[in-house]
Amino acid sequence: MDITNILFSGVGGQGILTSSRVLALAAVHAGLDVKMSEVHGMAQRGGNVDTHVRIGKEVPSSLIPAGGAHFLVSFEKLEALRYMAYLRSDGIAYVCPLEIPPLTQNLKKDSGYLKGIDGILEEKAPRVIWVDAPAMARELGDLRMVNVILLGALSKRLPMTEEDWEAAIRERFPAKVQEACIRAFRMGVDHVASNH
Amino acid sequence: MRKLMLGNEAVARGAWEACVAFGSGYPGTPSTEILEALAEYEEVAVQWAPNEKVGYEVAMGVSLSGHRALVTMKHVGLNVAADPFFSSSYMGVNGGLVVVSADDPGMASSQDEQDNRFLAKAAKVLMVEPCDPEESRWMAREAFALSEGFDSPVLLRMTTRVCHQTGVVNPQEREAWSPKGYLKDIPKNVLLPSHSKARRFKVEERLVRARELSEASDRWNPILPGSADIGIVTSGVSFGYVREAMPEASILKLGMTHPLPIERIRLFASRVKRLVVIEELEPYMETEIRNAGIEVTGRELLPFTGELNLPLVEKALLGAPRHKVTVDLGGVQMPTRPPTLCPGCSHRGMFTLFRDMKLRVMGDIGCYTLGALKPLAAMDACMCMGASVGMAEGLEKFGGPKEKGKTIGVIGDSTFFHSGIPGLIDMIVNRSAATLVILDNRWTAMTGGQPHPGTGKDIRGNDAPQLNVAQVCRALGVQRVREVDPFDLEATRKALEEELAAPEVSVVVAVAPCILGARLKKGEAVQIAIEECDRCGACIRVGCMGIHEKDGFPDVDPDLCTGCCVCAQVCEKGAISLPGAGRA
Chain A
0 MDITNILFSG
10 VGGQGILTSS
20 RVLALAAVHA
30 GLDVKMSEVH
40 GMAQRGGNVD
50 THVRIGKEVP
60 SSLIPAGGAH
70 FLVSFEKLEA
80 LRYMAYLRSD
90 GIAYVCPLEI
100 PPLTQNLKKD
110 SGYLKGIDGI
120 LEEKAPRVIW
130 VDAPAMAREL
140 GDLRMVNVIL
150 LGALSKRLPM
160 TEEDWEAAIR
170 ERFPAKVQEA
180 CIRAFRMGVD
190 HVASNH
Chain Z
0 MRKLMLGNEA
10 VARGAWEACV
20 AFGSGYPGTP
30 STEILEALAE
40 YEEVAVQWAP
50 NEKVGYEVAM
60 GVSLSGHRAL
70 VTMKHVGLNV
80 AADPFFSSSY
90 MGVNGGLVVV
100 SADDPGMASS
110 QDEQDNRFLA
120 KAAKVLMVEP
130 CDPEESRWMA
140 REAFALSEGF
150 DSPVLLRMTT
160 RVCHQTGVVN
170 PQEREAWSPK
180 GYLKDIPKNV
190 LLPSHSKARR
200 FKVEERLVRA
210 RELSEASDRW
220 NPILPGSADI
230 GIVTSGVSFG
240 YVREAMPEAS
250 ILKLGMTHPL
260 PIERIRLFAS
270 RVKRLVVIEE
280 LEPYMETEIR
290 NAGIEVTGRE
300 LLPFTGELNL
310 PLVEKALLGA
320 PRHKVTVDLG
330 GVQMPTRPPT
340 LCPGCSHRGM
350 FTLFRDMKLR
360 VMGDIGCYTL
370 GALKPLAAMD
380 ACMCMGASVG
390 MAEGLEKFGG
400 PKEKGKTIGV
410 IGDSTFFHSG
420 IPGLIDMIVN
430 RSAATLVILD
440 NRWTAMTGGQ
450 PHPGTGKDIR
460 GNDAPQLNVA
470 QVCRALGVQR
480 VREVDPFDLE
490 ATRKALEEEL
500 AAPEVSVVVA
510 VAPCILGARL
520 KKGEAVQIAI
530 EECDRCGACI
540 RVGCMGIHEK
550 DGFPDVDPDL
560 CTGCCVCAQV
570 CEKGAISLPG
580 AGRA
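From first to last, the protein sequence lines stand for chains A and Z.
The opening position of the first sequence corresponds to residue 0 in numbering that gives the first Met the number 0, with each subsequent residue numbered one higher.
The opening position of the second sequence corresponds to residue 0 in numbering that gives the first Met the number 0, with each subsequent residue numbered one higher.
If you're looking for bench data, these hints aren't it; they were derived computationally from the structure.
Hints are not guaranteed to be accurate.
As the list claims (entries may be wrong) - Simulated crosslink set (DSSO-like; lysine-lysine; CA at most 30 Å straight-line):
1. LYS187/Z / LYS120/Z
2. LYS323/Z / LYS123/A
3. LYS155/A / LYS323/Z
4. LYS493/Z / LYS405/Z
5. LYS373/Z / LYS520/Z
6. LYS175/A / LYS521/Z
7. LYS155/A / LYS120/Z
8. LYS405/Z / LYS123/A
9. LYS357/Z / LYS396/Z
10. LYS56/A / LYS2/Z
Here chain A stands alone, though its shape is the one from the complex (with noise of 0.2 Å):
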């Protein structure tokens, strides 16, 4: 069975369920059966979160087989490397360079993110690209954007055109911040062509 699967993680509340959501609707409107499982209720609550997209032309069932992953997406670098095991060997890590400390921590001095964690990633992941979404997002003066953004900058690996996405953006999002999320999703885009 022909299947990718591209696996979203990060902290709850980054809007891990929106970008998922918009990928399984850019598939839809290319014509392929796509299958999705997501996490609600009380991981939700600033703990880690994954969701887990399959698309092809059939897709038997919804859940991610660790070491199957041909793409990570993560908001976090932490939560890049909690997911990277996922990934199969000829996979790539899209990873934010973003940093949110876990609560695990106290004042100790080094007790809080995981040190040298840029090094951990590029060692362990077969390939890592960085896409400074956040950095990105702020540039255009909305924070929400980071999400299209790492969507642009994963889309050209996969089957679905231009006019899906387009097409999956306008169903997703309401009228008022439509063009803005297009013009999000080119900058990934171009963000991946100029330097990858």
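For this one, chain A is given, so just place chain Z on it according to the hints.
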């Protein structure tokens, strides 16, 4: 038409297509979105009930009126509604009655992992189980006709990965169906023992007829032909894993899992060399099949707890997962990231006080259960909806002098309305001296902000009658009821000390809106005068995402901090303050 839908949205769609007139239930992950999605269809009357039992009983009344009704709940919610669920099986229905039980294998958001397929069997009602959103739609739709055809409530059993799976659905038009009209039938609907004895035979006759359908139906229980080497019996979400792990296998996919089609299974087994059952949680189907004298394996190939996934099913069927894990994270000390109370949450100050006052806290179900996690760690027990009240009464009475004046029950407002009130009545009439703290944030917050009797809104956001928690407690007969502002730590501490010392039952209501539910504008972040900080760590120990360690000192994240000032109030040096304001 192809449309992307969540499994829960698809259930609502299917119910709407079947002309359901009414939907009720109580929020509970993973079931909550069904009623919210149903409320999008203006033809349907949709309402949240204070608890699952009440929701079920209202739905039963709607059924008696001749209309179709849907009632939704999570698996443990069906425990609350078990009384009407079991008894309605004897009454049967007039208009179709479909009950959704959303089970939570793996306990993603629940206190237990019970397998409610056994409840369908115990209550002797029909049960259907969808595997994906499209099946969720058509099974929900067809379940109403089944309910009427077999004069039985139908259990639509979902699981987390079916409820929260998004996929492509083919929505259909609304069917032509008209309500039947009320039918007075005393022997059927009044469950006096003499009537029930007669109904008992009807229940058994129903199961015989339902088994005939289950045995004969290629729609509900299709056989997908394949290799004769192995035959797999499966249902619900497990079907997708089986299909993907072993596309060549013969599969008997059961959509109707009570009554089970034992003769169909026997026939299927006779055509294959080896019969395997792949099912999540308990060996419900496997035990029935083995009891029928059919040789079968399954349970010993799978873990007894948690949800299934593709690698587990591949391991069971093929000996090893197909995908190899190549990324090695050995040697990395990965910090965990448990869920936490939101920055600005009105519960944080309360649990900081409970911890610092060294109270015995009998907790309850809601966001505030997170008060049990470090660094707050201010909860001693939490069992099920409403249990804080009774457990506090029992512990205070028998805990000895150490617990006297130290024991509190802590319950949210939605949980109080759900099942806390009878516990408080028990406290009053049985002369408890315990203190009940009610966290009144005006929302059912953990499940995503649903209104409840204290909110003053209905499911569609329209104004609704509003109950006041303190007034309810006074009306019940509690003499000592007081309201506090949970963001004022000093006044709240004083109130708690006074009420704990009182030799009678008392209630402290902490009133402040849920920061998510109220959609408050984020306040300005606090600032820290680092030169005054003695690094005691008290501010970090309130457990807030908005304040964390940086180079050995506390540091505020201005994007997250809401300026609630709980951290400022625990700082003995007065080093934390709002910009422009004096020191806290």
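Take the C-alpha atoms of LYS155/A and LYS323/Z, compute the straight-line distance between them, and say whether it is at most 30 Å.
Answer holds: LYS155/A to LYS323/Z is near 26 Å, not above 30 Å.
Holds or violated: LYS493/Z to LYS405/Z, with C-alpha atoms at most 30 Å apart:
14 Å, holds
So if I understand the rule, the pair passes when the alpha-carbon distance is 30 Å or less; does LYS405/Z with LYS123/A pass?
51 Å, violated
Check the hint pairing LYS155/A with LYS120/Z against an upper bound of 30 Å on the C-alpha distance.
51 Å, violated
Holds or violated: LYS56/A with LYS2/Z, Cα cutoff 30 Å?
Holds. LYS56/A to LYS2/Z sits at ~16 Å (cutoff 30 Å).
Straight-line Cα separation of LYS323/Z and LYS123/A no greater than 30 Å?
Holds, at about 15 Å.
Sort out whether LYS521/Z lies within 30 Å of LYS175/A, counting only the CA atoms.
23 Å, holds
Straight-line Cα separation of LYS373/Z and LYS520/Z no greater than 30 Å?
Since the Cα atoms of LYS373/Z and LYS520/Z sit roughly 28 Å apart, the hinted pair holds (cutoff 30 Å).
Given the proposed pairing of LYS187/Z with LYS120/Z, does the C-alpha separation stay at or below 30 Å?
21 Å, holds
Can you confirm whether the C-alpha distance between LYS357/Z and LYS396/Z stays at or below 30 Å?
Since the Cα atoms of LYS357/Z and LYS396/Z sit roughly 18 Å apart, the hinted pair holds (cutoff 30 Å).
Hint check: violations occur at hints 7, 8; the rest are consistent with the structure.
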